[in-house]
Structures are given as C-alpha cells and as structure tokens.
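Chemist: Single-letter residue listing:
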Amino acid sequence: MAEKKLAIIATKGSFDWAYPPFILASTAAALGYEVQIFCTFYGLQLLRKKMDMKVTSIGNPGMPMPVPMPVLMQALPGMQSMMTMMMKQKMKSKGVASLEELRELCIEAEVKLIACQMTVDLFDFSPDDFLDGIEYGGAATFFEFAGESDICLFI
Amino acid sequence: MADFDQELDASGLNCPLPILRAKKALGGMSAGQVLHIIATDPGAVKDFEAFAKQTGNELTESREEGGKFYFLMKKG
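Quick note, the sequences are listed as chains A and B, same order.
Going by our numbering, the residue at position 117 of the first sequence is 117; the numbering climbs one at a time, nothing skipped.
Going by our numbering, the residue at position 36 of the second sequence is 36; the numbering climbs one at a time, nothing skipped.
Wrong hints could be hidden among the right ones.
For the chain B half of the interface with chain A, some residues (derived, Cβ under 8 Å), not all of them [said to hold, decoys possible]:
(1) G12
(2) L13
(3) N14
(4) P16
(5) L17
(6) I19
(7) L20
(8) K23
(9) F51
(10) Q54
(11) T55
Straight-line Cα separation of at most 20 Å, DMTMM-like style, residue types lysine to aspartate or glutamate; simulated pairs [claimed, not checked]:
(12) K24(B) x E100(A)
(13) K68(B) x E49(B)
(14) K24(B) x E104(A)
Since the hints were made in silico from the structure, they are not lab data.
In this text the structure is predicted, and so the values were computed from the model without any measurement.
Just so it is clear, CB atoms sit at the ideal spot from N, CA and C, and this is done for glycine as well.
Looking at chain A on its own, in the form it has when it is part of the complex (with noise of 0.2 Å):
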C-alpha cells in the first residue's frame, strides 16, 4: 500500500489555533501518512525557535470563559497574557500536550515544515527565527506535494 498523504497549510499564530495542525500532523505521521505543513502569514509562529502564542477572547465570543466578563474589560492590558497562562494550566490538567511536545513529535515522526518565503519577507523575519532544518518555499513548491495528497486542509 503506497504511503498516504497529508498536506496542511497552517494561517494561523495564536496559541489555541497552533494546535490543529500540530495535533493532525503528528497523528496522521503516527498513522503512516506522510506530511507537510506549508506555514504562511500567521502561521510562520509554528516555526519559530521558541513559540510564544497568546489566545485571545477578543472576537472570539465562543470562548468559554471562568466568569462573563464585559469585551472592554478583555481588553484590559495584561489580559491577553493572563488568559494564555490559564489556558496552559487547564491543558495541563486535563493532560493536553504542549506545542512544544507536538511539534518535536512531528519533527522526529519526519513532519516537513515548509515556511512561506514571501510572508518570510513581507514580515522582515530571518532564517535565525526559525527552527534549524525547515524549507522555504513558494505556492508551487507546497503545489508539488498537495497535488498528490490523499488530504489537503487550510487551517
């Protein structure tokens, strides 16, 4: 049986939406796919050297949230900060992976990371932001493997 793919382009660089890509990624490779995340825009803070994504509930009214709280008090400094910090405990609790442990997973499971050269450009980073061993490449590049993927999904 020839091997399964999965491609996955990942848009997204906040904390709670790190997560799908790395959880999907690192199952299918588990499950004998071979994978690829394409990060792009938002995105590219999957690759960075160390991770640092907050969550938000600001334009996020599904986000259960310990006690209501008026949106311009959400906004309040600090906040951002302190929902991140007990989002990571409950995963903790409830015994949720860090992105950190996702993500080394996917690296020895042989997950490629594939940073998007143009947003690395538009947004002024430098290969030194990222981790070691990660390709650059265009649309065609992420074309040449999603074109004969079993699964393709944009995150």
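Chain A is fixed; fit chain B onto it per the hints.
Modeler: Relative to chain A, chain B alone:
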C-alpha cells in the same frame, strides 16, 4: 498473567498523546509482540480501534475497568 511483552501507561494523557506514545512503543517492538496500554482518555477507545485498522496492528483486547481503559495491541 503477563500476556504481553511491554506496557505503556498513558493515564492522564489526552488526545493524541496515547496514540503517539503507543506508536513509539510499537516501533521498538517486533512483529507478533503485544503491547499493553493503560489510558484514562475515553476518546482512546475509538482512537485505538482506528489506529489498529489503519496501521496493520491488531487490537486484541479493549476493556474498561474502574474508569480506566485497557488495551492489548499486537504488532503487525
């Protein structure tokens, strides 16, 4: 009693960690050997069935006891 070759305690771990840990443990075993997995994530029940189906390993036992889930996975 020990009708398995290796044991993996994935208690307290949530999706997808039990699967990923099991995959890793199986990687170090040889065909025909059996991995005993303990988990507390209720989602693991369906996930291990799906994992077995897609990887060619055989799930020979899946049971719940006292809020924990026990699996026997035979490496294919």
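Chemist: State for each hint whether it applies.
Modeler: Cross-check of the supplied hints:
The beta carbon of G12(B) comes within 4 Å of a beta carbon in chain A, closer than 8 Å, and the hint placing it at the interface holds. For L13(B), the shortest C-beta to C-beta distance to chain A is roughly 5 Å, which falls under 8 Å, so the interface hint holds. Given the 8 Å rule on beta carbons, the hint for N14(B) holds: about 4 Å separates it from the nearest Cβ of chain A. Among the interface hints, the one on P16(B) holds; its C-beta lies about 4 Å from the nearest C-beta in chain A, closer than the 8 Å criterion.
Using the Cβ-Cβ criterion of 8 Å, the hint placing L17(B) at the interface with chain A is satisfied: the shortest such distance is roughly 5 Å. Taking 8 Å as the C-beta cut-off, the interface hint given for I19(B) holds, the closest approach to chain A being about 6 Å. Contact between L20(B) and chain A, as hinted, is supported at the beta carbon level, the nearest pair being about 5 Å apart and thus within 8 Å. Annotation: interface hint on K23(B) holds; nearest CB of chain A at approximately 4 Å, less than 8 Å.
Hint status for F51(B): holds, given a least beta-carbon distance of 7 Å to chain A, under 8 Å. Given hint, Q54(B) at the interface with chain A, holds; its Cβ is 5 Å from that chain's nearest Cβ, closer than 8 Å. Using the Cβ-Cβ criterion of 8 Å, the hint placing T55(B) at the interface with chain A is satisfied: the shortest such distance is roughly 6 Å. Annotation: proposed proximity of K24(B) to E100(A) holds, straight-line Cα distance about 17 Å (limit 20 Å).
A C-alpha spacing of about 16 Å is found between K68(B) and E49(B), which places the hinted pair at or below 20 Å, so the restraint holds. In summary, the hint linking K24(B) to E104(A) is supported, as the alpha carbons are separated by about 13 Å, within the 20 Å threshold.
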